[in-house]
Amino acid sequence: MAAPQVAGIPRAAKVVQPGDVAARLLTMLFAAIVFLLVVLLVFELWVGSAASRQKFGWGFITSTAWNPVTDEFGALPFIYGTVVTSVVALLISIPLGVGAAIFLSELAPAGPSNALTFLVELLAAIPSVIYGLLAIFTLVPIMRLYIEPFLKATLGFLPIFQGPAFGVGYLTAGIILAIMTFPFIISVSREALLAVPREQREAALALGATKWEATWDVVVPYAKLGIYGSIFLGLARALGETMAVTMVVGNSPEVRASLLAPGYSIAAVIANEFSEASGSVRPAALVELGLVLFFLTIVINALARLLIIATTSKGSKRP
Amino acid sequence: MKTILAISAAALLSAAAAHAQKINAAGATFPAPIYQKWFGEYHGANPGVEINYQAVGSGAGIKQLTDGTVDFGASDMPMTAEQIKAMKVPPLHFPTVMGAVVLTYNVAGITQELKFSPDVIADIYLAKITKWSDPRLAKDNPGVKFPKDDIIVVRRTDGSGTTFVFTDYLSKVSPEWKMKVGANTSVSWPGQTLGGAQNPGVAGLIKQTPGSIGYVELIYAVQNKMPYAQVKNSSGNFVKASLESVTEAAAGAAKNMPADFRVSITDAPGKNAYPISTFTWLLIPSSIPDAGKAKAVKGFLQWMLTAGQKDCSGLTYAPLPSEIVAKEEKQIAQVK
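So the protein sequences, as listed, match chains A and B. When we follow my numbering, the leftmost residue of the first sequence carries the number 1, and every step to the right adds one. When we follow my numbering, the leftmost residue of the second sequence carries the number 1001, and every step to the right adds one.
The following block holds chain A by itself, in its conformation from the complex:
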């Protein structure tokens, strides 16, 4: 009975339907647009940054100068600021986001879980300028009056918590980015956890695991890829975020070890300076910063992917 069916499937597939061809070409065209967009983007950034690339060469990436009067430009303070604020953001939002997602999908009763999920999706849809205003009027005073003095008093021996408490700086920008990335991480992680087959949980429980053991040792590793995906989304938002960051980062093109010091990010400097950039070198330097951000995103994503490959193979070997 089964044999004719199995034989029938490939035969039917061999018949070329004009509709299938059209659908295939059309969807392929759409997919090709993604590729073309990336190529066009890199081409435009490459051409637009010519004046800056010729003048500074590779030194652009390691230079800390940013002087529009003498036309000396370097990218290091912006690369540093972008990476530091994103890392701070993820250090805060990954444990919070994944933890909340576990609670919502595995532990919470359905009613509160649905209500909270709705709120999370609401948070994810808030425009970044609103988060920026929230940061400048609420977070900055709290940071300056309470959190930063507290960090200096308790952990002030660490170079990352030294210097005057301005309220604005890498740490504040990192925190507002954490607040912004957190809903993405919860929302996508929760979907991944909900997609874990029921049998996985039941099997673990049948083997005598507690509810938490079943969740942490079976369900979470099973949903690992989805959770990593949520972290990528969060990272992408943190790296490219402009408005909220520029409102609280201090906008000072310097490299400083202290997280309390004012810094700058690539997206913020492009947004702030491009409209008034005159001459030939300065606009080109800003375009080159765009190119740097593009490659920075690729490098960071590649590193994160390598990390995943390393950890997933370890996970699957676990007994």
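Treat each hint with caution, since some may be false.
[Said to hold, decoys possible] Think about it this way: if two alpha-carbon atoms lie no more than 30 Å apart in a straight line, the pair counts; the simulated DSS-like pairs of lysine-lysine are:
1) LYS55(A) <-> LYS1180(B)
2) LYS152(A) <-> LYS1115(B)
3) LYS1207(B) <-> LYS1115(B)
[Unchecked claim] Sample of chain A residues with no beta-carbon within 10 Å of chain B, all distances over it, derived:
4) LEU37
5) ALA195
6) ASN272
7) GLU273
Bear in mind the hints are in silico, worked out from the structure with no lab data behind them. Keep in mind it's a predicted model, so treat the numbers as computed, not measured. Glycine included, C-beta positions come from ideal geometry on N, C-alpha and C.
Dock chain B against chain A, hints included.
Just chain B now, with coordinates in the frame of chain A:
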């Protein structure tokens, strides 16, 4: 038959469209409120002329004019010789209104209006005066009890005409500033400073940060009821920025006005002249090939210099002194 009808209908339509002269302009954000009002009012009085203005910033305005994507530009700083050289058609500068940049501050326990000497402002921004308790501040402000707090310097982070005016002023009053930093729409600030985006960003940081000082446009400080300082001018008087003291600065500068109006009026002479004042300019190509457009632009310029100037004070811009209006009216004839 149908085709002929369609063609003649199209011809009629295009004739109607050509009737309203559309002019595109782009540039400075500082005078944008009054430009919008002017262009709206002028269109009301002359329905045949429609001017569309985009407040994209002085630098972008100059760039769009150079690229030929707009009919005229607007800028808070006069174009440099190098920028003029890059243009196919040399531009004419028409001062439109005046504004000022003021110092605003947030110092614990101080409610009085503070006074600043030029060298003190420069040294605060050069990070040489770092505490509010510095004796040089006390000398300018007898009777004011300053706290021992650090001075936190706030400045614009976006490229801006406001920053150009402020740094141009500092370059005139401090040789050290001129040598180390210079004047531009954004500069490399000495010392550790906080940068705010646009006027609201700077104002927000100052409100949030005790011990801070920063600069914003006069209009912005007035509209938001922020305290702002008196500054000592070249005659040795402490002057507060106002429509009158800004106009006096322009009148003081008018005597030495170059023929092309490319002049900075910071640190201008005049007993009550406010020293951090500036013109803002319309950049009009000296040759406009389209006769209709040329006529419309010239008509607007004439109107702006006469009827338009009456709108200024309502929006807290200082109107042009009459000497300068007379000189500009002559320049209109140079637009070919």
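Requested in this report: Beyond 10 Å from every chain B Cβ: check whether that's true for ALA195(A).
Outcome: 42 Å, holds
Query - Whether GLU273(A) stays farther than 10 Å from all C-beta atoms of chain B, as the label says - result: Violated, since 5 Å does not exceed 10 Å.
Query raised in the report: Are LYS1207(B) and LYS1115(B) close enough, with their CA atoms no more than 30 Å apart?
Result: 19 Å, holds
Query raised in the report: Does LYS152(A) pair with LYS1115(B) here, judged by a C-alpha cut-off of 30 Å?
Result: Violated: LYS152(A) and LYS1115(B) sit about 35 Å apart, past 30 Å.
Query raised in the report: Is the Cα-Cα distance between LYS55(A) and LYS1180(B) 30 Å or less?
Result: 22 Å, holds
Query raised in the report: LEU37(A) clear of chain B by more than 10 Å, beta carbon to beta carbon?
Result: The claim stands: LEU37(A) keeps its Cβ more than 10 Å from every Cβ of chain B (closest is about 24 Å).
**Report entry** Given as non-interface: ASN272(A), partner chain B, CB spacing beyond 10 Å
**Finding:** 4 Å, violated
The structure fails hints 2, 6, 7 (numbered hints given earlier, in ascending order).
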